[in-house]
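*Asks:* Listed below are the residues making up each chain.
2 protein chains.
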Amino acid sequence: MVVELISVGTEILLGNIVNTNAAYLAEKCALLGCSLYHQTVVGDNEERMEDAIRQALDRSDIVILTGGLGPTKDDLTKEVTARVFGRELYLDEHSKERIEAYFGRIGSSRITENNWKQALVPEGAIVIDNHNGTAPGLIIEDPEKGKTAILIPGPPNEMKPMFEQDIASYLNKLQPEGIYSHMVKICGIGESRAETMVADLMDAQTNPTLAPYAKTGEVHFRVTAKAKSEEEAEELMKPMIEEMYRRFGDAVYTINEQETLEENLVALLKEKGMTLSTAESCTGGKLAGRLLNAAGASEVFNEGYITYANASKEKILGVKHETLEEFGAVSAQTAEEMARGAAKAAEADAALSVTGIAGPGGGTKEKPVGLVYIGCAVNGRVTTRECHFTGNREKNRDYAVVRALTLLREELLAAGQQQK
Amino acid sequence: MVVELISVGTEILLGNIVNTNAAYLAEKCALLGCSLYHQTVVGDNEERMEDAIRQALDRSDIVILTGGLGPTKDDLTKEVTARVFGRELYLDEHSKERIEAYFGRIGSSRITENNWKQALVPEGAIVIDNHNGTAPGLIIEDPEKGKTAILIPGPPNEMKPMFEQDIASYLNKLQPEGIYSHMVKICGIGESRAETMVADLMDAQTNPTLAPYAKTGEVHFRVTAKAKSEEEAEELMKPMIEEMYRRFGDAVYTINEQETLEENLVALLKEKGMTLSTAESCTGGKLAGRLLNAAGASEVFNEGYITYANASKEKILGVKHETLEEFGAVSAQTAEEMARGAAKAAEADAALSVTGIAGPGGGTKEKPVGLVYIGCAVNGRVTTRECHFTGNREKNRDYAVVRALTLLREELLAAGQQQK
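Listed in order, the protein sequences are those of chains A and B. Its first residue numbered 1160, the first sequence is counted upward by one per residue in the working numbering. Its first residue numbered 1160, the second sequence is counted upward by one per residue in the working numbering.
Note that these hints are calculated values from the structure, not bench results. Each hint should be verified, as a subset may be incorrect.
You can't tell identical chains apart in this list, so a pair holds if it fits in one copy or across any two.
Here are the simulated DSSO-like pairs of lysine-lysine, each with C-alpha atoms no more than 30 Å apart in a straight line [what the hints assert, rightly or not]:
{"#": "1", "residue 1": "K1524", "residue 2": "K1255"}
{"#": "2", "residue 1": "K1429", "residue 2": "K1524"}
{"#": "3", "residue 1": "K1503", "residue 2": "K1429"}
{"#": "4", "residue 1": "K1187", "residue 2": "K1319"}
{"#": "5", "residue 1": "K1397", "residue 2": "K1232"}
{"#": "6", "residue 1": "K1385", "residue 2": "K1319"}
{"#": "7", "residue 1": "K1479", "residue 2": "K1332"}
{"#": "8", "residue 1": "K1479", "residue 2": "K1187"}
{"#": "9", "residue 1": "K1304", "residue 2": "K1187"}
{"#": "10", "residue 1": "K1332", "residue 2": "K1385"}
{"#": "11", "residue 1": "K1526", "residue 2": "K1479"}
{"#": "12", "residue 1": "K1479", "residue 2": "K1503"}
{"#": "13", "residue 1": "K1255", "residue 2": "K1526"}
{"#": "14", "residue 1": "K1374", "residue 2": "K1255"}
{"#": "15", "residue 1": "K1524", "residue 2": "K1232"}
{"#": "16", "residue 1": "K1374", "residue 2": "K1319"}
{"#": "17", "residue 1": "K1554", "residue 2": "K1276"}
{"#": "18", "residue 1": "K1187", "residue 2": "K1397"}
{"#": "19", "residue 1": "K1387", "residue 2": "K1255"}
{"#": "20", "residue 1": "K1374", "residue 2": "K1276"}
{"#": "21", "residue 1": "K1503", "residue 2": "K1397"}
{"#": "22", "residue 1": "K1397", "residue 2": "K1304"}
{"#": "23", "residue 1": "K1385", "residue 2": "K1431"}
{"#": "24", "residue 1": "K1429", "residue 2": "K1255"}
{"#": "25", "residue 1": "K1524", "residue 2": "K1319"}
{"#": "26", "residue 1": "K1306", "residue 2": "K1232"}
Note that the structure is predicted; figures quoted are calculated from it, not measured.
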């Protein structure tokens, strides 16, 4: 089954936003066993959009269009696709009610006239409810020609849930063999090194296959098997996954695609009955913000501190004035006292601290931009790490967050070992 | 001059990497005044690549191809493009020397036979030195047909410097008029409503044009003019921008594309000589994390608090036990006391607080998931807002952050009015 992607939107065409939707959908479709040979981006222009849709339908079985389903008159995807399929649009009462309910839910009475445009659907189309916005998804089938168009709203927070909840199962039903996979998620080992460590496995791959995915500060390997049943697929993947555990050991924190590093850590803390606090300087709340992405983090996290100023580091965390004078705010010593102080102030079993120079300013020859110290206190024992990042301000802060989470994982596992 | 982008590579096609190159090049080309109507992604397949190149040359003046210039036999971009232009490849001694020098520089003696493939260039092509890798860039012109192909290596750290140093000036020379733009950035007004408010301006647009861009919790409008000089362009854009200010008033926080909402707020605080603190429950550090994206935020921000637990709200912020008992942690009263308490604890002039139910759990009929209270203290005066968000945990937290920033802006501006 050949699937092709068309991303609609002048913002993508002019480079104002990066086309992450295409990457997401391509990856998901590939995992479902679909073949992908083309991706196209077109703007909100009727004629060019029509050409793109006709060409795509000509060479592929299924065309997935994202974007251009908004309420404005620039949004033309539905209208143009309906015309290509020779379908009229009608007002779908169900979609209209959902739009009313949506506006009611967000407490807005300002439904403008053009919002009703989103309740217009092509005759014979399958309407997919949008749980995160007002534009429904649409599947338009032409059984005679064996061609299908799938229309999904462009905002990623609407597109992704809709794909996962409805479109994926629709596509899966059309496939003879299922594709099943695990994501082996690794932290604390760099991308190049991790790939070198499994180069032989990647070379030898047939079924299952092994493919690396780089994420900020983490490396993920997808193990994918093609099989008639999930059980059979699991049997095929088992030896490969066991081999990954043998090679990477505790650096593998999960093989569950849905589980994030912060969720893994919150679960680990819960399991150990421990609480955590944070003391952040350069990351300025991003570390805690990421940890608390994990639903249910309230069981392990009571409070955290953003201590940007030196005086705040002293006042809230009890960092010694002499330490700041002698070693500076960006030092292993300060990171250590911050972690110890955060654990004490929050009466927590563990604490993470981050202090560094994110840039663009503030660097010196001795302490350049990208220098970050991370501290981790677990049951009174404090470890620190010196890191050198080479990105811009944003990237340096993101890397510091992941490095801190990785250090916490290592220390929690080491603490477990000591207790044994 | 119509420019079209073709990204070559199976990794992009299958979604293993996000196509950031296309966004980068599209934005740069649009700013150079080029028109962009199509972007295409194809894999390392000879036939499909040739089709894509021929089609692109058919409808555009210049085709920029990225990727597929590596040393392996999968890398076909140069070979296929040369064939389309009817050119033979020859060994370019200059490129060969540069490849040798490159390997010498990175201290590697492992020049494999296939590296020399990268020194093969099409007859008559302009060869662009690659200062960050081994594959040179290539410009192949067909003056008779008025068509040009520009080939650039795929790795962003090779592509971007090459574009900036050589390709941009090449394209600029071909352009009669430049393109200049401002981004009118608006907070506190929803996308649909904002677009309705300027529908007539969008309809009437020719030069300058007006186009909306939705961002989480903000709306941006790009005003773009085509002119022979920047001065002339500014003259053309001025009436449109003034009209936007008339309609949106203080909701316009900048017309500078580079300036973010957090940078604007940090600048506003600096201007007023005020400091800020934060007290976060459901956003758990994300609000401070975003504010401190702004370089130089240390001048206005000393410390902030993540008070997830009720006990922490009492202990750190002095929220009254009775308030939590009577109204609950998610209430306007608690948000108010959090903001007041944060300002006091941090000895700050202003403070923002956020308390809410981000989900997925924790909602009740009276207090559903998505209910968030925001508090803002400015010089002892506290305002609160009740918000109802309808996204998932992540989206609710992101929206809460933007709404808090927006409230701070409103209150800072209002405080300025009162003083007058």
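*Asks:* Hints first: check each against the structure and report whether it holds.
*Replies:* Status of each hint after checking the structure:
Proximity of K1524 and K1255 under a CA criterion of 30 Å is satisfied inter-copy only: 25 Å between copies versus 62 Å inside one chain copy. In this homomeric assembly, K1429 and K1524 come within 30 Å of each other (Cα to Cα) only across copies, at 28 Å, whereas the closest approach inside a single copy is 42 Å. Proximity of K1503 and K1429 under a CA criterion of 30 Å is satisfied intra-copy only: 19 Å inside one chain copy versus 33 Å between copies. Proximity of K1187 to K1319 under the C-alpha cut-off of 30 Å is found in both arrangements, the shortest distances being 10 Å within a copy and 29 Å between copies.
In this assembly of identical chains, the alpha carbons of K1397 and K1232 lie at most 30 Å apart only when taken from different copies (26 Å versus 52 Å within one copy). For the homomeric pair K1385 and K1319, the shortest alpha-carbon distance inside one copy (23 Å) is at most 30 Å, but the shortest distance between copies (37 Å) is not. In this assembly of identical chains, the alpha carbons of K1479 and K1332 never lie at most 30 Å apart, being 64 Å within a copy and 57 Å across copies at closest. For the homomeric pair K1479 and K1187, neither the shortest alpha-carbon distance inside one copy (52 Å) nor that between copies (50 Å) is at most 30 Å.
For the identical chains of this complex, K1304 and K1187 are intra-copy neighbours only, at 25 Å inside a copy versus 41 Å across copies, given an alpha-carbon limit of 30 Å. Taking identical chains as interchangeable, the C-alpha atoms of K1332 and K1385 lie at most 30 Å apart only when both belong to the same chain, with a minimum of 15 Å there against 50 Å between chains. Only within a single protomer do K1526 and K1479 lie at most 30 Å apart by alpha-carbon distance; the minimum there is 20 Å, versus 44 Å between protomers. Taking the shortest Cα distances, K1479 and K1503 sit within 30 Å of each other both inside one copy (14 Å) and across copies (23 Å).
In the homo-oligomer, the alpha carbons of K1255 and K1526 lie at most 30 Å apart only across protomers (26 Å), although the nearest pairing inside one protomer, at 59 Å, exceeds that limit. Taking the shortest alpha-carbon separations for K1374 and K1255, only the inter-copy value of 25 Å comes in at or below 30 Å, while the best intra-copy value is 40 Å. In this homomeric assembly, K1524 and K1232 never come within 30 Å of each other (Cα to Cα): the closest approach is 55 Å inside a single copy and 37 Å across copies. In this assembly of identical chains, K1374 and K1319 lie within 30 Å of each other by CA distance both inside one copy and across copies; the values are 18 Å within and 17 Å between.
Within a single copy, K1554 and K1276 get their C-alpha atoms only as close as 41 Å, which misses the 30 Å cut-off; across copies the closest is 25 Å, which meets it. Taking identical chains as interchangeable, the C-alpha atoms of K1187 and K1397 lie at most 30 Å apart only when both belong to the same chain, with a minimum of 22 Å there against 46 Å between chains. Within a single copy, K1387 and K1255 get their C-alpha atoms no closer than 40 Å, and across copies no closer than 48 Å, so neither meets the 30 Å cut-off. Proximity of K1374 and K1276 under a CA criterion of 30 Å is satisfied inter-copy only: 22 Å between copies versus 39 Å inside one chain copy.
For the identical chains of this complex, K1503 and K1397 are neighbours neither inside a copy (44 Å) nor across copies (57 Å), given an alpha-carbon limit of 30 Å. Taking the closest pair of Cα atoms, K1397 and K1304 never come within 30 Å of each other, the shortest separation being 39 Å inside a single copy and 53 Å across copies. In this homomeric assembly, K1385 and K1431 never come within 30 Å of each other (Cα to Cα): the closest approach is 37 Å inside a single copy and 63 Å across copies. With identical chains, the CA atoms of K1429 and K1255 are never at most 30 Å apart, being 44 Å at best within one copy and 47 Å at best between copies.
For the homomeric pair K1524 and K1319, the shortest alpha-carbon distance between copies (27 Å) is at most 30 Å, but the shortest distance inside one copy (45 Å) is not. Taking the shortest Cα distances, K1306 and K1232 sit within 30 Å of each other inside one copy (27 Å), while across copies they are farther apart (34 Å).
Hint violations for this structure: numbers 7, 8, 15, 19, 21, 22, 23, 24, all remaining hints satisfied.
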